[in-house]
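**Q** Given next are the chains, with one letter for each unit.
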Amino acid sequence: MPPKQRIPASTGTTTTASTPARSSRPSSSGTDAQAILQGIYDKYVSKTPQRVKLLDAFMAFLVVVGALQFFYVVLVGNFPFNAFLSGFSATVGQFVLTASLRIQTNPENKAEFENISHERAFADFVLGSLLLHFFCVNFIN
Amino acid sequence: MRWAFSSALVLVWTAVVAAKSFSGNRLLVVLEEQGEREKYSVFLEDLTSRGYTTTVESPKADKLSLFRHGERAYDHVLLLPAKSKGLGPALTANNILEFLKKEGNIIIALSSESGTPTAVQSALLELDISIPADKGAVVVDHFNYDATSASEKHDVLLLELPGAIRSSIKNYFGGDGYIAVPRAVGQVLGNESPLLAPVLRAPSTAYSYNPKDEAEAVEDPFAVGKQLNLISTMQANNAARLTVVGSAELLQNKWFSESAKLAGKTIKTANREFAHKLSAWTFKETGVLKVGKIIHYQDEGKSKKMNTSTAVPENNPGIYRVKTDVHFQVEISEYSNDHLIPFTPASTDNIQLEFSMLSPFQRLNLSPIAQTANATIFGVAFKTPDQHGIFNFRINYRRPFLTNIDEKRQVTVRHFAHDEWPRSWQISGAWVWIGGIWVTVAGWLAFVALWLWSKPAERSVKKTQ
Chain Z
75 MPPKQRIPAS
85 TGTTTTASTP
95 ARSSRPSSSG
105 TDAQAILQGI
115 YDKYVSKTPQ
125 RVKLLDAFMA
135 FLVVVGALQF
145 FYVVLVGNFP
155 FNAFLSGFSA
165 TVGQFVLTAS
175 LRIQTNPENK
185 AEFENISHER
195 AFADFVLGSL
205 LLHFFCVNFI
215 N
Chain F
173 MRWAFSSALV
183 LVWTAVVAAK
193 SFSGNRLLVV
203 LEEQGEREKY
213 SVFLEDLTSR
223 GYTTTVESPK
233 ADKLSLFRHG
243 ERAYDHVLLL
253 PAKSKGLGPA
263 LTANNILEFL
273 KKEGNIIIAL
283 SSESGTPTAV
293 QSALLELDIS
303 IPADKGAVVV
313 DHFNYDATSA
323 SEKHDVLLLE
333 LPGAIRSSIK
343 NYFGGDGYIA
353 VPRAVGQVLG
363 NESPLLAPVL
373 RAPSTAYSYN
383 PKDEAEAVED
393 PFAVGKQLNL
403 ISTMQANNAA
413 RLTVVGSAEL
423 LQNKWFSESA
433 KLAGKTIKTA
443 NREFAHKLSA
453 WTFKETGVLK
463 VGKIIHYQDE
473 GKSKKMNTST
483 AVPENNPGIY
493 RVKTDVHFQV
503 EISEYSNDHL
513 IPFTPASTDN
523 IQLEFSMLSP
533 FQRLNLSPIA
543 QTANATIFGV
553 AFKTPDQHGI
563 FNFRINYRRP
573 FLTNIDEKRQ
583 VTVRHFAHDE
593 WPRSWQISGA
603 WVWIGGIWVT
613 VAGWLAFVAL
623 WLWSKPAERS
633 VKKTQ
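Protein chains in written order, with the working numbering: chain Z, 75 to 215; chain F, 173 to 637.
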């Protein structure tokens with residue numbers, strides 16, 4: 075809950091906030107690596123909009139699921155190869171679609187996607203995802 | 173019209189049934205001197221009683237011809253020895269071979285006394301059967317001779333009826349008793365021809381020798397021991413049969429049930445029985461195989477898992493899929509004297525089925541699965557190979573003394589249709605990836621729900637600004 079409350083404060087400055095964030099790192103934390111990581115994490119938690127965080131969480135989840143499938147094919151073998159292809163490409167494709175949604179809806183990129191509303195981007199994402207799932211379920215037979 | 177045709181068919185059928193031979197009953201006996209006929213009367217009488225219509229002709233007769241209008245004029249020929257050196261224009265070596273090509277059967281009886289006509293000699297040489305070139309050569313054995321009739325010359329051999337030449341070959345000439353083989357002309361068979369088979373071999377103590385030679389000891393004999401064949405046969409690829417009987421006297425009345433003396437004990441010769449068996453085989457009364465119905469079908473029971481159709485299997489379909497279970501059945505009969513009986517191969521022999529495209533992908537022993545009144549049903553079940561193309565069910569069965577079987581049935585073997593592959597969940601190896609897809613889909617749904625849920629927060633932020 076606390077980060078949610080912070081969003082309204084930061085959203086107004088998100089476009090300009092990235093440049094000072096870089097310069098502030100060496101000054102605020104010392105040489106301690108843990109402090110650096112802590113700083114990054116704190117910045118991320120405090121400065122990132124909630125929707126982008128949601129996108130990031132989903133993408134991390136996809137990376138984990140894809141990596142598990144890949145380790146399985148390395149360890150056990152690829153017998154129904156089309157099954158591996160469709161299972162793995164489902165995660166990869168979903169990751170790509172989510173990444174593009176993240177690019178289009180990130181407030182930092184607002185200047186580049188002026189004429190694409192968030193609703194439009196989300197609708198594209200949903201349509202693409204449904205197509206992808208349809209393809210994967212068909213391909214695995 | 174149709175009725176007339178079918179009654180004609182019945183007439184033909186009865187005519188065929190009357191003959192005991194599988195191929196026909198017109199027999200030509202070539203005999204130079206009609207006076208000699210008496211000597212063979214019992215043998216010829218036996219042949220007539222078995223349904224042959226016998227024509228006795230002299231080799232020099234004008235009207236004698238093996239062919240009429242380009243076809244065989246006779247089904248079988250019995251060529252008895254002639255005194256003269258030539259056999260005349262009707263019986264050249266070429267004519268004899270041509271007769272074999274047209275599926276005629278021949279018994280050639282040789283005699284050491286009268287010599288072998290050149291036509292016969294060259295015809296035999298063509299078939300890779302060699303006989304001594306000089307007239308008068310006889311097979312002599314100082315151990316197995318008849319002491320009553322040839323106590324000095326030792327040229328009347330007394331031999332047991334022959335056994336099977338190999339354990340995997342059926343014997344059509346066996347039995348109990350002894351055959352007297354007087355003054356035989358030995359034959360040597362070439363190694364190259366698979367069509368030749370010996371019926372009666374000389375014992376290992378026998379040798380071929382010409383009594384007219386003045387030499388003290390036999391030098392360089394024509395052949396010795398088991399190399400010498402007293403009776404040999406050739407069965408051509410078209411199943412025409414030729415038998416060379418080394419001693420024509422073997423077929424004469426006076427040896428048919430003569431009492432003879434072998435090594436002190438008196439025995440009775442079984443020549444009549446043996447002559448019967450020999451002529452029955454040569455004239456296709458025995459050892460003729462006939463293929464009946466051939467059935468192959470897909471075994472739905474075993475491959476049901478892979479096949480969705482519930483129809484009753486169709487017999488002899490033109491197409492199969494790779495990796496299906498197929499049953500193959502064939503009826504094989506053997507003609508025995510006057511009727512068809514179920515064929516049983518020798519105990520160590522097997523009929524084999526090949527499933528081949530260029531080369532056999534399967535070569536399987538057929539095993540007897542049932543018997544009807546006059547046929548054995550051989551069958552085998554197998555799985556079609558993982559290779560699509562045009563295949564043949566092929567039975568190629570060639571054995572000495574049996575007519576050849578070469579049957580082919582062509583079928584197409586297709587690959588899997590797209591809806592015949594197993595579904596993904598039937599393969600346990602795919603479960604991980606199926607899980608992967610559905611976890612992704614579930615995560616996506618949760619994400620979409622969360623996204624829509626959290627939307628108003630941002631809107632309110634924008635509005636407050």
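Accuracy of the hints is not assured; some may be wrong.
As the list claims (entries may be wrong) - Pulled a few chain Z residues facing chain F out of the computed Cβ check, cut under 10 Å: (1) Q112; (2) I114; (3) Y115; (4) Y118; (5) P154; (6) A157; (7) F158; (8) F187; (9) S203.
Unchecked claim - Derived DEER-like restraints, expressed as beta-carbon distance ranges: (10) L624/F to V148/Z: 46 to 52 Å; (11) V148/Z to R535/F: 39 to 45 Å; (12) W625/F to E186/Z: 55 to 61 Å; (13) L624/F to I114/Z: 25 to 31 Å; (14) T584/F to S191/Z: 24 to 30 Å; (15) R595/F to E193/Z: 17 to 23 Å; (16) A197/Z to D591/F: 50 to 56 Å.
To be clear, the hints were calculated from the coordinates, so they are not data collected in a lab. Think of the CB as a built atom: it goes at the ideal place given N, C-alpha and C, for glycine as much as any other residue.
**Q** Each hint should be assessed against the structure and marked as holding or not.
**A** We went through each hint and held it up to the structure:
| no. | hint | result |
| --- | --- | --- |
| 1 | Q112 | violated, 26 Å |
| 2 | I114 | violated, 24 Å |
| 3 | Y115 | violated, 21 Å |
| 4 | Y118 | violated, 17 Å |
| 5 | P154 | holds, 4 Å |
| 6 | A157 | holds, 4 Å |
| 7 | F158 | holds, 5 Å |
| 8 | F187 | violated, 15 Å |
| 9 | S203 | holds, 6 Å |
| 10 | L624/F to V148/Z: 46 to 52 Å | violated, 37 Å |
| 11 | V148/Z to R535/F: 39 to 45 Å | holds, 42 Å |
| 12 | W625/F to E186/Z: 55 to 61 Å | violated, 27 Å |
| 13 | L624/F to I114/Z: 25 to 31 Å | holds, 30 Å |
| 14 | T584/F to S191/Z: 24 to 30 Å | violated, 60 Å |
| 15 | R595/F to E193/Z: 17 to 23 Å | violated, 39 Å |
| 16 | A197/Z to D591/F: 50 to 56 Å | violated, 35 Å |
In this structure, the hints that do not hold are numbers 1, 2, 3, 4, 8, 10, 12, 14, 15 and 16, in rising order.
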